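Residue numbers (numbering that gives the first Met the number 0), protein chains in the order written: chain A, 0 to 278; chain B, 0 to 278.
Be aware that one or more of the hints could be misleading.
Put simply, identical chains are the same to the list, so a pair is met inside one copy or across any two.
[As the list claims (entries may be wrong)] Cut-off 30 Å, straight-line C-alpha distance, at most; resulting in silico cross-link-like pairs (BS3-like, lysine-lysine):
1. LYS258 / LYS1
2. LYS204 / LYS160
3. LYS212 / LYS152
4. LYS212 / LYS130
5. LYS233 / LYS212
6. LYS130 / LYS1
The hints are simulated quantities; they were obtained by calculation from the structure and are not laboratory data.
On a predicted model such as this, the values are computed, not experimentally measured, just so you know.
Protein chains: 2
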Amino acid sequence: MKIGIIGLGLIGGSLAWDLTRLGYEVIGVSRQLTTCNMALDRAIVSRATVNLDILAQTDLIFICTPIASIIPTLERLIKYLPPHVVITDVASVKGSIVPQATQLWSNFVGSHPMAGTANQGIEAVESDLFKNAPCVITPLENTPEKNIETVSKIWQEVGCKIYTSSPENHDRAVAWISHLPVMISANLINSCINHGNQEVVNLAKNLASSGFKDTSRVGGGNPELGLMMAQYNKAQLLNSLREYQQNLSSIIEDIEQEKWSMLEEILNKTQEERPNFLG
Amino acid sequence: MKIGIIGLGLIGGSLAWDLTRLGYEVIGVSRQLTTCNMALDRAIVSRATVNLDILAQTDLIFICTPIASIIPTLERLIKYLPPHVVITDVASVKGSIVPQATQLWSNFVGSHPMAGTANQGIEAVESDLFKNAPCVITPLENTPEKNIETVSKIWQEVGCKIYTSSPENHDRAVAWISHLPVMISANLINSCINHGNQEVVNLAKNLASSGFKDTSRVGGGNPELGLMMAQYNKAQLLNSLREYQQNLSSIIEDIEQEKWSMLEEILNKTQEERPNFLG
Numbered sequence: 000m001k002i003g004i005i006g007l008g009l010i011g012g013s014l015a016w017d018l019t020r021l022g023y024e025v026i027g028v029s030r031q032l033t034t035c036n037m038a039l040d041r042a043i044v045s046r047a048t049v050n051l052d053i054l055a056q057t058d059l060i061f062i063c064t065p066i067a068s069i070i071p072t073l074e075r076l077i078k079y080l081p082p083h084v085v086i087t088d089v090a091s092v093k094g095s096i097v098p099q100a101t102q103l104w105s106n107f108v109g110s111h112p113m114a115g116t117a118n119q120g121i122e123a124v125e126s127d128l129f130k131n132a133p134c135v136i137t138p139l140e141n142t143p144e145k146n147i148e149t150v151s152k153i154w155q156e157v158g159c160k161i162y163t164s165s166p167e168n169h170d171r172a173v174a175w176i177s178h179l180p181v182m183i184s185a186n187l188i189n190s191c192i193n194h195g196n197q198e199v200v201n202l203a204k205n206l207a208s209s210g211f212k213d214t215s216r217v218g219g220g221n222p223e224l225g226l227m228m229a230q231y232n233k234a235q236l237l238n239s240l241r242e243y244q245q246n247l248s249s250i251i252e253d254i255e256q257e258k259w260s261m262l263e264e265i266l267n268k269t270q271e272e273r274p275n276f277l278g
Numbered sequence: 000m001k002i003g004i005i006g007l008g009l010i011g012g013s014l015a016w017d018l019t020r021l022g023y024e025v026i027g028v029s030r031q032l033t034t035c036n037m038a039l040d041r042a043i044v045s046r047a048t049v050n051l052d053i054l055a056q057t058d059l060i061f062i063c064t065p066i067a068s069i070i071p072t073l074e075r076l077i078k079y080l081p082p083h084v085v086i087t088d089v090a091s092v093k094g095s096i097v098p099q100a101t102q103l104w105s106n107f108v109g110s111h112p113m114a115g116t117a118n119q120g121i122e123a124v125e126s127d128l129f130k131n132a133p134c135v136i137t138p139l140e141n142t143p144e145k146n147i148e149t150v151s152k153i154w155q156e157v158g159c160k161i162y163t164s165s166p167e168n169h170d171r172a173v174a175w176i177s178h179l180p181v182m183i184s185a186n187l188i189n190s191c192i193n194h195g196n197q198e199v200v201n202l203a204k205n206l207a208s209s210g211f212k213d214t215s216r217v218g219g220g221n222p223e224l225g226l227m228m229a230q231y232n233k234a235q236l237l238n239s240l241r242e243y244q245q246n247l248s249s250i251i252e253d254i255e256q257e258k259w260s261m262l263e264e265i266l267n268k269t270q271e272e273r274p275n276f277l278g
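Extracted from the complex, chain A is given alone in its bound form (with noise of 0.2 Å):
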């Protein structure tokens, strides 16, 4: 099987490298020259172009530019390709991206490998990125079986363990853990620097120790991944904040009507239940 990678940034250029190391003949196209030449070089790939039609040849793609660049990706590249050929793409959302490329190509199948590191492009490329990385494959109704399979076999050779769900509760799921914390957390630094105190404020940040660090950490990431977050998963993101906030409001309540055994279950049932989002 030859299998063509779009986009040899971290996640693309990764999984180039364990395809290429398990035996397969990847085929590797960025916008690039350069990354290109250095894909070839690092022998993250057998061959490597700037052009799409290069991919004719392959009988499964990879897309794995960023979100944005998906669909406009998709449609340039369908021109070149002979109809059995199977796409899937790697991106963090799911319900703005399958079922619009599962019109325009039937055999498009959507996964969502959850690995990465805070770095990016091709320089960041690590083998073994993808080990005991959960990946979710969000077919829709009319997914063809054997699609899944080719796609879900490639993600677990290179380690993944597969979840199969709709593009929507994907898109829910990941809000709840991913990106709603994303908010909370930039909420939380947003409060602080803002509070009207400033003597407050310079003494908060001179007291902050490990706890404010860890729940601001997602919060004080690369801002432009939070935007991505909101802009693509807009609907999934805004139910999870209002969820969120009503239970705030109804913690709010508990401590002004200092209601403590109600606020104590609370926070003995989320003792309780956090080690169970730890795998």
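With chain A held as given, fit chain B onto it using these hints.
Okay, now just chain B, sitting in the frame of chain A:
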């Protein structure tokens, strides 16, 4: 100078040990005879007893009991003391302690060393626990300067970096960087588990990774500690929660109305400002 320490748990015991090793004569008081014996066995203190009256011969006393016991302990203690003895405490909230304690004993000065581990009790005692930890001294307007100096000097000797603040501003600052993070972090776990769609909750549990892990850490911690924060720092925690909620509403509105440049501005600022909280 003879030093008395009431409560030989993690904080009191670790302080006693450091001061004993610095050459001070340290007298420990615990309600438990077994704790006294353990403190003597491990040479944490010079003398240890269950009776408060022994502290009549000391010059400076640290009350290191749980918050709820500080005022009752002080009330029993002062019957035995000559008036020149300086008393301090180590509670993590000051507004509900310092004015009342000062009324009972004019040579009282509040302090809050911000050190600790996940463990409790005399078994958890560590040397150098306070090295490089911030310690806030919280005098009132009429607190004698020499008492502030006496207490500050001891905390400096065990390695603390000293800050001075009113009890009220101390409680505001710790509400922002310690107590608010616990509540918003707990509310993240609470909201995830209470989401109505069980398929989404199960997927979320499987997909949660380092971002969720860090953001949920303090909210999944010791429930008694979280409850204590709400009970003893109620007013300032509520102020922080209300400001936080108002700011979150504004973020929700930005996302609803797709004011992406507003959201981007917030996320740029939180990325830029977070390092100022990390020393």
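Which numbered hints turn out to be false for this structure? Hint 1 alone not satisfied by this model.
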